[in-house]
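**Student:** Going down the list, the sequences are from chains A and F.
Here UniProt numbering is used: position 161 in the first sequence is 161, and no number is missing along the way.
Here UniProt numbering is used: position 92 in the second sequence is 92, and no number is missing along the way.
Hints may contain errors.
Once the Cα atoms are required to be at most 30 angstroms apart in a straight line, the calculated DSS-like pairs of lysine-lysine come out as [as the list claims (entries may be wrong)]: (1) F:K91 / A:K114; (2) A:K114 / F:K6; (3) A:K160 / F:K6; (4) A:K133 / F:K6; (5) F:K141 / F:K36; (6) A:K88 / A:K53; (7) F:K141 / F:K91; (8) F:K141 / A:K114; (9) F:K15 / A:K133; (10) F:K141 / A:K116; (11) F:K15 / F:K141.
These are calculated hints, taken from the structure and not from any lab test.
Listed here are the chains, written in short residue letters.
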Amino acid sequence: MSSKVSRRQFLSYTLMGVGGFMASAMLMPMVRFAVDPVLQPKGEGEFIPTPQKADDLTETPVRVDFTIKDRKDAWYKSDVSNTAWVYKEGDTIIALSPVCKHLGCTVNWEGDEKHKNEFFCPCHNGRYEKNGKNIPGTPPLGPLDEFMVEVVDGYVNLGKTVPNTLV
Amino acid sequence: MNWTGKDMDIYLLQKEYIDTLVIPLVKVETKMDNMKTSASSTEFVMLLASLIETQFKGRMMFAPPFSYTSSTDLQSMADTTLQDFSDTTFKHVFFLTTDHAWLSQKMPGQVIWLPSIPLESMDAPLRQSILEDQLRQVLPKFTEGWSAL
Ligand code: FES
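Isolated chain F (complex conformation) (with noise of 0.2 angstroms):
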């Protein structure tokens, strides 16, 4: 489910199928040197984020990008912002990211980091075939979240 009106009046419906949260977190570079990469990593991410919605619509639902830049204390942003959604009715919450800083955050929910891969220069076949590779690899993540509570 996407965070629309319509997908949101299902999740209200079916809470009890729709247990997962998904929060893709995005650094967005301010410095001319980085935007190039950190635009590509928020196009992968997005993408991918995308294509998980599809093939698992009716369990998960994907919130809106939370982005930040280089100054952002990512602690503070994890203890506040993100901690709110461990309130929510959904018992479990990825965080999907490009960004490994992450990883050594206390969060309120699973990281689950994967590297970067520019998509920009591939064709449309080459570009689905990659992300569903992407695809294979973060799924045992999320199903070894599910099986763990």
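Extracted from the complex, chain A is given alone in its bound form (with noise of 0.2 angstroms):
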């Protein structure tokens, strides 16, 4: 798969919303209305490289970062940073979007003292498994979604995200 990801990929992800494009949105609605109408999404299952290497993976969730990048045009402010928790399952990988499944703030592994093993939003004190599945009784009311994972060259690459798939 290449490395590369055109602009119209790119807007392929920002479309399906896998991207933390609002980051950008505020910044540059202009140039973004004035280019989204022309250019469709188109199909799926592209993946962007991460600097992660698939060895040296645990079972322990990290955060690895991701950038979709648009090299192809000068098109300032091109860059959409992503993230995901990824950790091994026995021998497969898994990756968690860190979108919290209430109202979208970022969720953290341990991100609470008192609860450990376990994916915790700051914003209404959600928790989830770490499977993903969110914990009853807690603001969320879905599990978190799955980044689809690929191995290139011994690093890890994630596509799109899809609905939990471990819970």
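Mind assembling these two chains? They're in different frames, but the hints should get you there.
**Tutor:** Laid out in structure tokens, this is it:
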């Protein structure tokens, strides 16, 4: 899979809502509105390389940052940063989206001292088990999404998010 | 949440959870000598605001930035324009700025001041880590405000 992402693919990511795109939305609404309608999302299944080596993963989730780059065009502010919580379960690599299923804050692994071995959302004390399952009695109503995962040359590559398949 | 139609729809349904309003305050300098610094601090505040927004979108609504120039009387801006926000349904109102002049005004909410860092010459990863650092610095001020009520 190519590591380059064309503007078209880039847009397909943002339109699918994978990107932390709201971050830039505040700063560049004009550019975005001018461009969006012209380019429609194209298919699925594009994977983005990350700096994370697959062999270095353990069963403890680590934060992996990756950037969807748009190098072809001199379109300012075109990089979209994104994050995943990645760990190994046996031989399978699992990458969870950090976006809380309550109202969209960013969750952290062991983000609260009182709750070890869980993801924690600081906004309204939402909690999730390691596989992303929301803990009843806390505000989130569903499990954390999963990223599609591929290993290319030893490095973890991440695709689009899909509903959690582990819970 | 951002001040957009879509996010506002969510806010209106989830008012009890999204209880915090953040208003960026940016000084726009009109003198040639100060324009660069002013542009750079505006960039810094807006990038930091958008980072905080992504991490806390379920609890914070971000107003559009309020801008003013050197002849603006800050106290009267605080007493009129900004005062209007204290009548909203938000339980907590924060002002995010790099202009320390706000620290000495009587404000209808809590001022979160931090020094501006020029980000324009940094590459993306460095900029991101600087911003995350700043986020960690200001976070306690938000959480203090939250637990104060
Ligand atoms: S946004 Fe995560 S618990 Fe409310």
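**Student:** Give me the numbers of the hints this structure contradicts, sorted from smallest to largest.
**Tutor:** 2
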